[in-house]
Structures are given as structure tokens and as C-alpha cells.
Amino acid sequence: MTAPAPQNGPSWLLHRPGDPAQVLIRGARVLDPRSDLDATRDVLVRAGEVAEIGESGSVEAPERAEVVEAEGMMLAPAFVDPHVHFRVPGHEHEEDLETGTRAAAAGGYCAVIAMANTEPPVDSAAVLGSVRDKALTEASVPVGFVANVTQGMAGRELTEMAELREAGAIGFSDDGLPIRSARVLRRALQYQRLAGGVIALHEEDPELSAAGVMHEGEVSAVLGLTGVPAVSESTMIARDCSLALYERARIHIQHLSARASVEEIARAKAAEVQVTCEASPHHLTLTDEEVRSLDSRFKMNPPLRTEDDRQALIEGLREGTIDCVATDHAPHAPEEKEVPFEQAAMGVTGLEQAFAVLHTDLVLPGVISMELLVRRMTQGGESFGIPAPRIAPGEPANMALIDLEHEWEVGAGGYESRSPNSCFAGRTLTGRVMMTVAGGQVAFRQRSFAIGAAG
Amino acid sequence: MKHLLGVENLTREQAERLLDRAESFAEVGRRDIKKVPTLRGRTIVSLFYESSTRTSSSFELAAKRLSADVVSIKAAGSAVDKGESLKDTIATLTAYDPAAIIIRAPQAGAAHLVAGWTDASVINAGDGKHEHPSQALLDVFTLRRRLGSLEGTRIWIVGDVLHSRVARSCLMAFGLMGAHVTLCGPPTLIPRGIAEATGANVTYDLDGLAEADVVYALRMQHERMSESFVPSLREYAARYQIDSRRLGPRQLLMHPGPVNRGVELAPEVIDSSQSLITEQVESGLVVRMAILYELLTGSDRARPKGGPMSADAPPRIGQPA
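Chains as they are written, first to last, in the working numbering: chain A, 1 to 455; chain B, 1001 to 1321.
One or more hints might be untrue.
[Unchecked claim] One-sided excerpt, in silico: chain A residues whose CB lies under 8 Å from chain B:
hint, residue
1, E218
2, E335
3, P340
4, F341
[As the list claims (entries may be wrong)] Below, simulated BS3-like cross-link-like pairs (lysine-lysine); rule was C-alpha separation at most 25 Å, straight line:
hint, chain 1, residue 1, chain 2, residue 2
5, B, K1064, B, K1074
6, A, K337, B, K1082
7, A, K337, B, K1035
8, B, K1074, A, K337
9, B, K1035, B, K1002
Calculated directly from the structure, the hints in this document are not laboratory data.
Just so it is clear, CB atoms sit at the ideal spot from N, CA and C, and this is done for glycine as well.
Turn these sequences into a full structure, and let the hints steer you where they fit.
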């Protein structure tokens, strides 16, 4: 997808150049909330752009275009994930840009934003340059890279944010860790006036969450596990929203997990703080009851919380307090998860299942509408200056073709991701991405999905 | 029953059966020759990642009384010291084809994981702050012998509930047998949500202690505390120590050991006639014999072993049919 770049500046999103898509998608239900479109249409993509949208049966396939018979399927703008971990550099045995973007493409994504808590972290223009170069040869889906807010993610000295921004940092984050010091964060927010770029914040007060491995509540009480109280998140959100208001800065709050956090964001938005936020598919569909199994696949940070918290997140998604869905795709090697719960690494993968999980658990039971889900899954880039993709003539082709009736078992056919730590493994989901066009190129086709040629 | 992972997944019938079995072993314990041949030729591995005196020794002795071969491994000095993962350690030990693995580990759920990695019966001898089922069973056994039944009894568990796996297992086991449980301790050492999750009463002072039939004092677990949960042991003792002034003449006293004398218990009550502490240790042996017996001689334990030479092995590719 195209991203607005500053004059003579870098592009924020990078991927491997390839053949532009030439494809006619026939007879799908085309749903694009931003184009006010929900109807059966033929969509022609020529040279990587949406060329024509017409009544079903009215659009002719040009020569050498791929024709996809998509009756009964849904064609939506492809999704944008503002929060993934691709483990490059340093942990390529868990994920790299090739496998990570393959997972993204299989999940219907046309753009993802990679976090900077790598080894070494992305705290210098040199490291940022190296991962951006890699994206040009390895990424099948456009990737944006944030750079760190503080050097070495140590929370003390700011990175060279202005230089990093010029070198292509799509935003800034020490994700994985909170910025413990209010003084340091305040400096970063001031410096944003020079450097630009939204600051994305992982909110957790280590004084309250230290040593915690799951939500503090009834389940942790019975299991004897140290809990992370919901207030460890909400108090930091309150602090940082106050700082952002004071400095008139822009912040993005990552992975909300608790009702108190949603309420803090709602208050901040009402007070005209420039704040956006995200919630993950697992926090929207699972609770700490899952942890009773002591299965380390349910260990992540922030932790799964209560049903009341989950309901608050859904309500926030509905009302717009929560702007977007983000997977926090966090691959881990099996040996980091095949250990007792307290020792296991935190994090779950999510790109390949995100849509199907939310479709199965929230849309099919009628909790949220399909239109809302598509909206929240496509606007994850907006906080970072990346507008949500649209299906409209002249727009670059970024779309996901989805069979809404296709049932599949997560993990049964393996994963595109290099790591298998999905908390939905073994679940049967309804709705599967059959094809993804990202940045004007066909990035993914479901193996079983037959295609035809014009002619 | 294949494993004993926690009290949480025990039914009252299973618990009663174990306790009845323990009674029969108590009878064996009064004979001159205390050994029975039940588990002759079977191997039991005891794997302790945390220090233990009474649990490890009583499981070991229980296994020997049943004539099993016992391999005891302590984390210090083993491959665990060299960084071997739990999974790899279990794979290694499973190669000896043990009938049971008894495991104590500092992390909740370690025994559950091990049960998924081995064919052996797995006995949880304490997993982090989670459960310690054999302790809870021996406590129920001790009380049942003294009181006949726990139905309707009032049991106060006093002290550091937050860090105590014994408290969690006992709370469930006492409840399972029909007792009413009250948890009492400083607010900083009572886990948030425990009352809602378990239905136990929670109180922060000893004012109502007179209602208790049984006072179960917990050990102050300094070793699990990395920070100060109470201002001082002096203030803790002043508020929560069970002494002869607080312990009524008809109340029974229990403690899982080892006792911090002068902290949770005053010396005079430890050695009083109301104290069941020594009986708890004695019960430990017979209850653990009963656990091993029930898990290893159950009807589903007969496993036919087909080696590479067994008659029904499929022919290999290239092998003449």
C-alpha cells in the first residue's frame, strides 16, 4: 500500500517488489465501510491498482489477468496491524521478515508495524537501516518499523529520534517494556515536536506488576500464581494521558486488557488528549479462566483478564474508545513455552487467526457487526499516519478475499509463522482468508483455492 | 486414578478410598516386619527441585515399605544444575520405565506438565505456591482419625496463605470432606479473590478463633518472600501467633512443618496435648503408601509391553515377509 511520505523523505512501509497484481475478482460481496459499499460486485485490479468496480458480470477480464470466481465470498479492504514482533535482528529462529509477513498475508493483512524490542533493539539508524533493507528482499507484505524511544530500551536516555525518523522510523516505542520514568517520557513527548512520529506505549507499572505471570483475581488466588493487577495498566495510562495532554503530544496505547484502562482512555479522549489505542483478538475473546489449565500458551503480557474486562473491551471497540485491533503477534520457540507456566515466555502469535477468531467469537454470535470488525481491523495504521486501505477505483490494491463459511482447525495444517505458540491452536474457526493482495501484489493464496485464467 | 496432581481434581469418593487404604497400612505399620511386597520390581523416581525433609523422606520410605526400587534425585548435583530442561530430564528418567514419578518443583503446574510427557503415574509433591495434595490428604487422615469425620467441623487456617500451597490444598480438601474453612492472616498475605473463588470465609484478626474446632497454623515462608509483606515478625507474632492464651482447651492444633518456633506458634502449644503435629508426620507415611498403592495397582495399570521382537510387530520395509 502506498504511504504518504514527507517531501523527499523515506517511505514508511517497505516490501519486496514483485509483479503488480492483474486480477478480476468476480461476484464477491464487496464490503468497504469507508466507501459505503456492501454489495455484490466484480472488482478488477490492473497493474496493482483497483481499476474498475462494477455490477456482477459486467466487468470484462483483460488479457492475462487472473480470474477468481468468488461467489459467496467477502472481499474487504485488507487489514493493518500496528503491533507485531518479527524478531529481526537477533531471534530469527522464532520469526523473520519472510515468515512473519507470510503469516500476515495468510491472515489477510496488507501492512504491519514491527516493534523494536529486538536484539539488538532498533535504537540506532544503523539497525533500523538493516531491517528496512531486509524488508526490501524478504517481506511479502509491507512492513513499517518503529524505533525505540530510549537507548537500549533502558528507559534513561532518548534515542536520536530525529535522525531515526528521517531514516524511516514509522513511530517510536519501547514495547515489551513500559517507560518507567515520567520524566523520560515527558522529554520524549516534548521531542516529538521536532522528530514527529507517534509514541506507542506498553503500559504497566513494574512496581505493581513485578513477578506477576497472570491476571490478579480469583483464578490466580486458586492457582497460587503471582498476579498482575489491572491497576498496574490503568494507572500508567492515566499518567501518560496526563503527560500527553500537558505536552500536546500524540500517543498510542498498546494492548488494552482491563476495564479500568478503557475507562481511562474514554476520559482522556473526552478531555481531547491525542490518544489512540488498540486491543488484541485474545483479550477480546478469552479470559483468565483459560489459565486454569496452566497451559503456557495462555501466558502473555498484558495477561488475559476477567469476563467483565473482556466485555469492557468489546464495548470500547464498539463505541470507538478502542480504535483498532492489533494482534501483538509474538512468536516464541517451543522450548520457551514447554516449561512450567511461571517460567514460560510471555506472548502468543496471532496474525494468521485474528480475523477468523473475531469473526467466529464476536461477529457470528451477533456481538459486533462485520462492518465494525472490518473497520477496526483496517485502521490500525492511522495512528502512525497510514490511512486505512479502501476498495475504490484508483486506489492501490489492498484487499482480502474471505470465505466466511470455511471451517478450519487452527494449526492442523501447520503455520506460516515459524513459531507455533497460538493460543487458539486446535480450535475450529469459521471464516478463512483465501487470497490477499498487499501493496498491489498478490501476497497470499490459500493452497486449496482454485484459480482460473481469462479466456 | 492415574496421577495425583492436586486436590482440585479429586472426588470425595477417591479421597475416602485413599484414606481407607491408609488405615490398612497403619495396621501394617504396627507389625514387626513393616514391609509388603506389593510393588516389588517396580521403579519409583523421586525428583525434588526444592529442599524437603519430611515429604521426600516419607515418600521414599513409603515406596520402600511397598518394596519398590527408589531413585531419588535432588536438583543440586544433578543434570538440572547443568541447565537441563524439565522436559529433557523427564525424557531421560522415562527411559528407566518408572511406574511413578514423584516431583516437587518451585513452579505451579510442573507436575501437570510432567504427566503429559511420561507414561508413568505422576505425583505432585508440591508445585510452587499451587498445591501439595499429599500433605492435604495426610491432614484429613489425621483429623479423621481424631474426630471420626470432618463433616460440619470448623477449621481455621491461620497465617501466610498467599505463599502457601498447603493452604490451597487443605482448603479444598477440608471443603471436600464437609468442613467449614476460615482463612485468617494479615491482608497482605491473603490472596485477592480467594474468598470469591473458594467460598471460604476470610478474616484479618483472631477475634473469632474461639469458634474453631481445629486451628491450622501455616509456616511464615520467609524463603518465598522477596520483600516485606508484614512490617515485622514481632508485629506478626503479636497479632497471629497461636499461643496457650489463644488456643482453647478443646481446640486441636495442626501445622505442616517445619515450625518457626516463636513466630506462628508459641513453644508451649507445639508440645501440648492438643497438638497433632507429630501425628501428622506419622500419617504422612501411611497416606503416601496409600497414594502409591492406589495409583500403581489400579486396574488400568496393566500395560502389555511389545518390544522389537514381539510377535505382532509389523514387518519392516525390505524385511522378508
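Outcome of the hint check:
1. E218: With a minimum Cβ separation of about 4 Å from chain B (threshold 8 Å), the hint on E218 of chain A holds.
2. E335: holds, 7 Å
3. P340: Hint on P340 of chain A: holds, closest Cβ of chain B at ~3 Å, below 8 Å.
4. F341: With a closest approach of 5 Å, the F341 of chain A hint holds.
5. B:K1064 to B:K1074: holds, 18 Å
6. A:K337 to B:K1082: Satisfied, since the Cα-Cα distance of roughly 20 Å is no more than 25 Å.
7. A:K337 to B:K1035: violated, 43 Å
8. B:K1074 to A:K337: holds, 24 Å
9. B:K1035 to B:K1002: Answer holds: K1035 of chain B to K1002 of chain B is near 24 Å, not above 25 Å.
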